[in-house]
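*Asks:* All chains should be modelled from the sequences, with the hints used to inform the complete structure.
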Amino acid sequence: MQVARLTEKQREANRLLAGPARNIMLRGGSRSGKTFVLCRALIQRAINAPGSRHVIFRFRFNHAKTSVWSDTLPKVLA
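Here the sequence shown stands for residues 3 to 80, numbered as in my numbering.
Just so you know, not all the hints are guaranteed correct.
As the list claims (entries may be wrong) - No more than 30 Å apart at the CA atoms, straight line, and that leaves these computed lysine-lysine pairs for BS3-like: (1) K77 <-> K67; (2) K36 <-> K11; (3) K67 <-> K36; (4) K67 <-> K11; (5) K77 <-> K36; (6) K11 <-> K77.
Claimed, not checked - The calculated label-pair distances, taken between Cβ atoms and stated as ranges, are: (7) G53 <-> R24: 16 to 22 Å; (8) R29 <-> A6: 19 to 25 Å; (9) A80 <-> S34: 18 to 24 Å; (10) G53 <-> R33: 29 to 35 Å; (11) I45 <-> K11: 17 to 23 Å; (12) F63 <-> R13: 29 to 35 Å; (13) K11 <-> G53: 29 to 35 Å; (14) W71 <-> G30: 18 to 24 Å.
Derived by calculation from the structure, the hints in this document are not laboratory data.
For glycine and all other residues, C-beta sits at the position ideal for the given N, C-alpha and C.
*Replies:* This is the structure:
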């Protein structure tokens, strides 16, 4: 499997997510990598804070299952 290379916008989002801001909104078109960057940051935060709990919400559970669980997480964990 190919290692993901972040775009400049994704690197900018990583810098924001690693900073002190409490509220961050990422925007972009579909398939632009927002969920990928957020999942990656969430996993890193979970590793850095053992015992912490995290959640990803979508309006519909089925959308979360197909987009986040089945598509994005395997790519992030690869």
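*Asks:* When you check the alpha-carbon spacing of K67 and K11, does it fall within 30 Å?
*Replies:* 26 Å, holds
*Asks:* With respect to the beta-carbon atoms only, verify the hint that R29 and A6 lie 19 to 25 Å apart.
*Replies:* Once the Cβ atoms are compared, 20 Å apart, the range 19 to 25 Å for A6 and R29 holds.
*Asks:* Take the C-beta atom of I45 and the C-beta atom of K11, compute their distance, and say whether it sits inside 17 to 23 Å.
*Replies:* 20 Å, holds
*Asks:* Regarding F63 and R13, is the given constraint of 29 to 35 Å on their beta-carbon distance met?
*Replies:* 31 Å, holds
*Asks:* Can you confirm whether the C-alpha distance between K77 and K36 stays at or below 30 Å?
*Replies:* 13 Å, holds
*Asks:* Is K67 within 30 Å of K36, Cα to Cα?
*Replies:* Holds. K67 to K36 sits at ~16 Å (cutoff 30 Å).
*Asks:* When you check the alpha-carbon spacing of K11 and K77, does it fall within 30 Å?
*Replies:* 18 Å, holds
*Asks:* Between A80 and S34, is the Cβ distance one that fits in 18 to 24 Å?
*Replies:* 19 Å, holds
*Asks:* When you take the CB atoms of G53 and R24, is the distance between them in 16 to 22 Å?
*Replies:* The hinted range 16 to 22 Å holds for G53 and R24, with Cβ atoms some 21 Å apart.
*Asks:* If I claimed the Cβ atoms of G53 and R33 lie 29 to 35 Å apart, would that claim hold in this structure?
*Replies:* Given range 29 to 35 Å: holds, Cβ gap about 34 Å.
*Asks:* Would the pair K77 and K67 pass a check requiring their Cα atoms to be no farther apart than 30 Å?
*Replies:* Holds, at roughly 14 Å.
*Asks:* Determine whether the Cβ-Cβ distance between K11 and G53 falls within the hinted range of 29 to 35 Å.
*Replies:* Given range 29 to 35 Å: holds, Cβ gap about 32 Å.
Consistency note: the structure conflicts with none of the earlier hints.
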